[in-house]
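As you go down the protein sequences, you meet chains W and F in turn. Quick note on full-length UniProt numbering: the first sequence kicks off at 1 and runs consecutively. Quick note on full-length UniProt numbering: the second sequence kicks off at 1 and runs consecutively.
Among the hints, a few may not be true.
Which copy? The list can't say, so a pair holds if one copy fits it or any two copies do.
[As the list claims (entries may be wrong)] Within a straight-line C-alpha distance of at most 20 Å, the following computed SDA-like cross-link-like pairs (lysine to any residue) qualify: (1) 305 / 383; (2) 429 / 490; (3) 328 / 243; (4) 536 / 82; (5) 497 / 512.
It should be emphasised that the hints constitute simulated quantities derived from the structure, not laboratory data. These figures come from a predicted structure and were not determined experimentally.
Protein chains: 2
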Amino acid sequence: MAVCHLSIFPEMAGICQRTLKLNIALRHLTLHRTLSSTLAARLSPGDLCSSFLPSGSWQFGSSVCKLHTDADGPRLSPAAPPDRLPFSRVTQEDLAFFRNVLPGRTITDPDLLRSSNVDWLKSVKGSGEVLLRPQTTEEVSQILRYCNSHNLAVNPQGGNTGLVGGSVPVYDEIILSTALMNNVLAFDSISGILTCQAGCVLENLSHYLEESDYIMPLDLGAKGSCHIGGNVATNAGGLRLLRYGSLHGTVLGLEVVLADGRVLDCLATLRKDNTGYDLKQLFIGSEGTLGVITAVSILCPRKPKSVNVVFLGCETFEQLLKTFQLCKGMLGEILSAFEFLDSECMTLLNTHLKLPNPISDCPFYVVIETSGSDQTHDGEKLHNFLEEAMSSLLVTDGTVATEESKIKALWSMRERVTEALTHDGFTYKYDISLPVERIYQLVTDMRQHLGDRAKSVVGYGHVGDGNLHLNITSPAKDPALLAAIEPFVYEWTASCKGSISAEHGLGLKKRNYIYYSKPSQAVALMSDIKAMLDPKGILNPYKTLPDNPK
Amino acid sequence: MAVCHLSIFPEMAGICQRTLKLNIALRHLTLHRTLSSTLAARLSPGDLCSSFLPSGSWQFGSSVCKLHTDADGPRLSPAAPPDRLPFSRVTQEDLAFFRNVLPGRTITDPDLLRSSNVDWLKSVKGSGEVLLRPQTTEEVSQILRYCNSHNLAVNPQGGNTGLVGGSVPVYDEIILSTALMNNVLAFDSISGILTCQAGCVLENLSHYLEESDYIMPLDLGAKGSCHIGGNVATNAGGLRLLRYGSLHGTVLGLEVVLADGRVLDCLATLRKDNTGYDLKQLFIGSEGTLGVITAVSILCPRKPKSVNVVFLGCETFEQLLKTFQLCKGMLGEILSAFEFLDSECMTLLNTHLKLPNPISDCPFYVVIETSGSDQTHDGEKLHNFLEEAMSSLLVTDGTVATEESKIKALWSMRERVTEALTHDGFTYKYDISLPVERIYQLVTDMRQHLGDRAKSVVGYGHVGDGNLHLNITSPAKDPALLAAIEPFVYEWTASCKGSISAEHGLGLKKRNYIYYSKPSQAVALMSDIKAMLDPKGILNPYKTLPDNPK
Chain W
1 MAVCHLSIFP
11 EMAGICQRTL
21 KLNIALRHLT
31 LHRTLSSTLA
41 ARLSPGDLCS
51 SFLPSGSWQF
61 GSSVCKLHTD
71 ADGPRLSPAA
81 PPDRLPFSRV
91 TQEDLAFFRN
101 VLPGRTITDP
111 DLLRSSNVDW
121 LKSVKGSGEV
131 LLRPQTTEEV
141 SQILRYCNSH
151 NLAVNPQGGN
161 TGLVGGSVPV
171 YDEIILSTAL
181 MNNVLAFDSI
191 SGILTCQAGC
201 VLENLSHYLE
211 ESDYIMPLDL
221 GAKGSCHIGG
231 NVATNAGGLR
241 LLRYGSLHGT
251 VLGLEVVLAD
261 GRVLDCLATL
271 RKDNTGYDLK
281 QLFIGSEGTL
291 GVITAVSILC
301 PRKPKSVNVV
311 FLGCETFEQL
321 LKTFQLCKGM
331 LGEILSAFEF
341 LDSECMTLLN
351 THLKLPNPIS
361 DCPFYVVIET
371 SGSDQTHDGE
381 KLHNFLEEAM
391 SSLLVTDGTV
401 ATEESKIKAL
411 WSMRERVTEA
421 LTHDGFTYKY
431 DISLPVERIY
441 QLVTDMRQHL
451 GDRAKSVVGY
461 GHVGDGNLHL
471 NITSPAKDPA
481 LLAAIEPFVY
491 EWTASCKGSI
501 SAEHGLGLKK
511 RNYIYYSKPS
521 QAVALMSDIK
531 AMLDPKGILN
541 PYKTLPDNPK
Chain F
1 MAVCHLSIFP
11 EMAGICQRTL
21 KLNIALRHLT
31 LHRTLSSTLA
41 ARLSPGDLCS
51 SFLPSGSWQF
61 GSSVCKLHTD
71 ADGPRLSPAA
81 PPDRLPFSRV
91 TQEDLAFFRN
101 VLPGRTITDP
111 DLLRSSNVDW
121 LKSVKGSGEV
131 LLRPQTTEEV
141 SQILRYCNSH
151 NLAVNPQGGN
161 TGLVGGSVPV
171 YDEIILSTAL
181 MNNVLAFDSI
191 SGILTCQAGC
201 VLENLSHYLE
211 ESDYIMPLDL
221 GAKGSCHIGG
231 NVATNAGGLR
241 LLRYGSLHGT
251 VLGLEVVLAD
261 GRVLDCLATL
271 RKDNTGYDLK
281 QLFIGSEGTL
291 GVITAVSILC
301 PRKPKSVNVV
311 FLGCETFEQL
321 LKTFQLCKGM
331 LGEILSAFEF
341 LDSECMTLLN
351 THLKLPNPIS
361 DCPFYVVIET
371 SGSDQTHDGE
381 KLHNFLEEAM
391 SSLLVTDGTV
401 ATEESKIKAL
411 WSMRERVTEA
421 LTHDGFTYKY
431 DISLPVERIY
441 QLVTDMRQHL
451 GDRAKSVVGY
461 GHVGDGNLHL
471 NITSPAKDPA
481 LLAAIEPFVY
491 EWTASCKGSI
501 SAEHGLGLKK
511 RNYIYYSKPS
521 QAVALMSDIK
531 AMLDPKGILN
541 PYKTLPDNPK
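Same shape as in the complex, but just chain W:
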């Protein structure tokens, strides 16, 4: 990999040499052109799906029907689905209605339904027999009005890239796909406000905006497949949250169809609007359980003129945190990402994807991205930061990529960890928010707690957001290992007042763990809101809320 390479050694005697090499690298840095467009080419789940997942590995409820054991004998895992609720089953009359509303877009062919019934991880599989593909809000409204009055359960589905079993049916829910609702409705190049239908693919929106020198305020690995409506419904985080904040701040308006078919038009395109309660907020992160998002307006940042990426190595997580602090102070307003992976992740990348380590072996690796409006200024800030980080011995090795392809290569070291994990065995995935100074302690404690029961225990994620992705693999599904992981991981997180789902949501798999992060008063109020907006409970049943609220 032809990146500018800095062999940096921790010894004092190496500082001059390091600085020299750094300066060579930084000379390149000030010459390179705008590189942000390369980021659009990162790997998406859609790309991954066909390449690395074994075909024919349908595992109905594979990760949701695990058995726990206690004094009373075996019991179902809290992740297992509850019994099917007494919704109606789809009849020929229902199909006739749907075909009348959606001619040619009411799918019942089992072959065509297969991919909509299974999640991206292939860990949850439903048995939906109808896939509806509306094109307009009015069609969604007609469908929901009918389903609500006929007691038919509905599973709203965007790009189906979720990781918690929230985007596929659990039983025979009707799948309501936003895939054909993919029109940009308006873009105001003065304000940067984009309005579009819910089914627009995130990457397509990024390409659309690039022509006007804007970018989407969110970016994530699934960008090639995920829909903006799904992003909003799950309050997706991703790689730009550190810089542009959450969707609760950047989404300006939503159009939502409620369970009974009423259309709630909150599709404002204003940065400020204090006329009554901000209803759209309710639907951001509600995982399709309160309404179906049909259109979104969102505030988009200007495309940065200068993007730089560096890959650094640290000896300890404490040094990594100090590097983060230094970085926030010295890079300030141009810092756009501060991500990390541990040496176990690097081993998986080397072993399973044949990705070579771009620097020398270190216990921890950091990916830092800057995005700014002046290439010279950004280069100088980065130079100063790197000099300080080196002379303070916070980083022990590092490399700066100055060309699009090399930036992409560095980013892939962080972004392809998820893919590498799928090759390592059965993976237990956890997405944890913690006070930033605690995030790696959980990995260390888990490793010690599990001993040799796990194949790999790895940590990576968004340091800037205090968001750890903890993954534990084993050669095959292992109920005993799961029993050792859970509830340990949730109790550990709760003891630090962390969140047991930072950005993935609760979906089917995590719904019953909500009390580790939310008090019962809050969950009770959530249930009240659900009952108010969807009294028959037809929208995405078995998801987000616990089976039996306290």
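Here the structure of chain W is known, so what remains is to put chain F in place on it, guided by the hints.
Just chain F now, with coordinates in the frame of chain W:
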């Protein structure tokens, strides 16, 4: 006023001269020290209150009991309060309970109650007979549980700096003040997350954070008096929204006491938490009608190392908008404010406050602030932007302030317009969000519409947020003038899909105008939420929601 002065002329021949003067100014620019601390000294309503409002001008319902006339004869203005609802009246037994819970902090002395019964504009006056000053969440819980079970209405009150009659009783509601809930609970200097009680004064929090090199993500003229709880309850916007976004993004957690006394603990201190619905969002901007906010956690930005302010003049609003576009492109990530005022505002500043115009007379004036991490880089960016703005003839005059006192003086040209207006006569105030390219058209149209019926029609506000403050003065209260303004202003705004309250909220005065910005389906859902959370309607009655939802 000893600011660096640039006499800039539109003629091409003047460009060299202008550039020379600009360079002199920019030389100063690169020498000045961090100036952000001066911003903390801006005038607050608390300061203004005693100095420029005529004493003894109690005007019970002065702006809310205006009469409209139509074919059926006189009718009450939609802003007028409805009849008192059948809440209980406070008895001696009630007082005994309150005194037991809040010994020495249950106020009934009419003299001590006076300032809590009247709003900052002195336009709405209630007749509350009890002021409660809890110190803890548990005390708030006890009070609300009691009031709810005894059918006593409650008016939650922060700094009482609101402009729509939302913060004072309409009749005899019990005033529940957060003034003694003013402790900082925690500050994490790694993450920048502050947790504090709701009654902390915004300016005090700013001073507290400054010691750790952080700032609050919001700043507004009322900072010396307003409480953070009130800021959140009203979703305050202010001067930093352009840079740091709205409170829906920066508030990470809330503790709220519900109408029946239940404590809802959503006081998370995490940047990411997708465990269930984001309940705290419901209370941001609900104006105390859904619950009483008792504590807030909020993400604070690092204190910028370099702050610059320029004051520019433009010949047309179109040039001002082009300047804004240029500015967004060239100042990029360091732009932290883009505010404007028109020449009529300048006249009021000159006439009533004796503030001299720091540049030559222009139809429009702009205040631009940059905040960054590198003084040299910021100075260069500003230099390049100003050169381009001048050579493109977008700006016709300008001045750069490089010292704290001068920065403060330039900011006061924007911030003291509200004060100047109070000296010009009776003021009809409107706080409008519009697509940014339309914001000044409303002022022009209103001026033409009113002809010589108004004394002054002025426009100023936050260009960066598409937020216009439209103010119309007359020598005295003038029902005929009001009838000419309303509903004209609301219909004009609705025709552009704007918001009739960008940042001030609806409170008492604007509640019945909600349909100009929100469809009836949305208002109906708001009423459902109110009924769910506060079934007896004891919390801040007569506010935010319309009297008779459609």
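Against the structure, the hints come out as follows:
In this assembly of identical chains, residue 305 and residue 383 lie within 20 Å of each other by CA distance both inside one copy and across copies; the values are 18 Å within and 18 Å between. Taking CA atoms no more than 20 Å apart as the test, residue 429 paired with residue 490 passes inside one copy only; the shortest distance there is 12 Å, against 52 Å between copies. Taking identical chains as interchangeable, the C-alpha atoms of residue 328 and residue 243 lie at most 20 Å apart whether they share a chain (11 Å) or sit on different chains (17 Å). Proximity of residue 536 to residue 82 under the C-alpha cut-off of 20 Å is restricted to the intra-copy arrangement: shortest distance 17 Å within a copy versus 36 Å between copies.
With identical chains, the CA atoms of residue 497 and residue 512 are at most 20 Å apart within one copy only, with a shortest distance of 17 Å there and 42 Å across copies.
The structure shown violates none of the earlier numbered hints.
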